[in-house]
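Student: These protein sequence lines map, in sequence, to chains A and B.
Each residue of the first sequence is one higher than the one before, counting from 1 in the numbering used here.
Each residue of the second sequence is one higher than the one before, counting from 1 in the numbering used here.
Treat the hints with care, since some could be wrong.
Unchecked claim - Cβ pair distances, simulated, as ranges:
hint: 1; chain 1: B; residue 1: Leu138; chain 2: A; residue 2: Val4; range: 20 to 30 Å
hint: 2; chain 1: A; residue 1: Ala10; chain 2: B; residue 2: Ala168; range: 41 to 51 Å
hint: 3; chain 1: B; residue 1: Leu136; chain 2: A; residue 2: Val66; range: 17 to 27 Å
hint: 4; chain 1: A; residue 1: Val71; chain 2: B; residue 2: Val29; range: 20 to 30 Å
hint: 5; chain 1: A; residue 1: Val82; chain 2: B; residue 2: Leu172; range: 39 to 49 Å
hint: 6; chain 1: B; residue 1: Asp173; chain 2: A; residue 2: Asp46; range: 37 to 47 Å
No wet-lab data here; the hints were simulated from the structure.
Don't be surprised by glycine CBs; every beta carbon is placed ideally from N, CA and C.
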Amino acid sequence: MKNVATKWVALGVLVAALVLAGGVSYYASSQPDGLTKVSQDKGFADTETDHGAADSPLAGYQAKDVDNARVSGAVAGIVGVVVVLALGTGLVYVVRRRDHQPAA
Amino acid sequence: MHVPDGFLDAPTSAATGVVAAVCVGTALVKARKELDDKTAPMVGLVAAFIFAVQMLNFPVGAGTSGHLMGGALAAVLVGPWTAILCLSVVFLVQSLLFADGGITALGTNITLMGLTTVAVGWLVFKLLQAVLPKRLSLVPVQAGIAAFLSVPVAAVLFVVLYAIGGTADIPLDTLTTAMVGVHVLIGIGEGVITFLAIGAILAVRPDLVYGARGLLAKRELEIKPSSATGAAA
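Same shape as in the complex, but just chain A:
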């Protein structure tokens, strides 16, 4: 059985995430998603209220003040991947650290 080192698997997953979020996402369908479409068809789309983070510099997966849509989306996607990676990894660190406190 092939036994690829963990660091290469990790790098592969990271590169895949960056390429998908930073590049491929430009080609994603811009049609409304399932729930949005149903809400439009059934007439409750207008019950949606303003989003509290609507003024976020990355709202709608577009980086603010970047004119080129492809670049804007790429920046948003890559920042998202990095932030999620950092939070996820940090969370695991905290969860596992507590492991040492009880007598184990």
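We have chain A already, so just place chain B on it with the hints.
Tutor: Here is chain B on its own, set in the frame of chain A:
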């Protein structure tokens, strides 16, 4: 299926917020048992990968799209409790940074797209593992089927929540038909992506797939009867 602010009333949103908080709190404790030195470094990456793939809306019929939810994928890769943590991070970041999924609806979105798809995905996966032959090659198929089923179940649960606390008076029978119909199609995409992703990791490092570990332990015992010398860390 990111629920925006305003679709559900405040009490319902608060209730799903409590459910999500309790489950995430439980997951923080239970995930410890799933995490070891091998899987821990993968968790942030799995969350980041799911975030990336959730950006990739694929078309499902006329004028509609869908994207991965990722509960089954994450559960099979890193274990169900850790998966809840992965997806909760994704939905938190999406809501606060990208204005995708309402802030008051964060608990609803964690409940629907996180807890539900993880629970259904993991339980169906384990059920299929129990009834089908114990073969490593079946793991991606079992994960794919589990992923497929998890999406319409999440859609049904949305309708249940809407019946309890929807802010508009929508006939529930047509809402159910519409939600399940489109989410069966989205589920097919969910199943295919899950099948491919699990298959890819399984091909290079089956020991990094949490859901495949039971099968590997047996195999390793057959191949290497004396592994004590190589175990020093």
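Student: Honestly, which of those hints from before does the structure not fit?
Tutor: As far as the earlier hints go, 3, 4 and 6 are violated by this structure, in ascending order.
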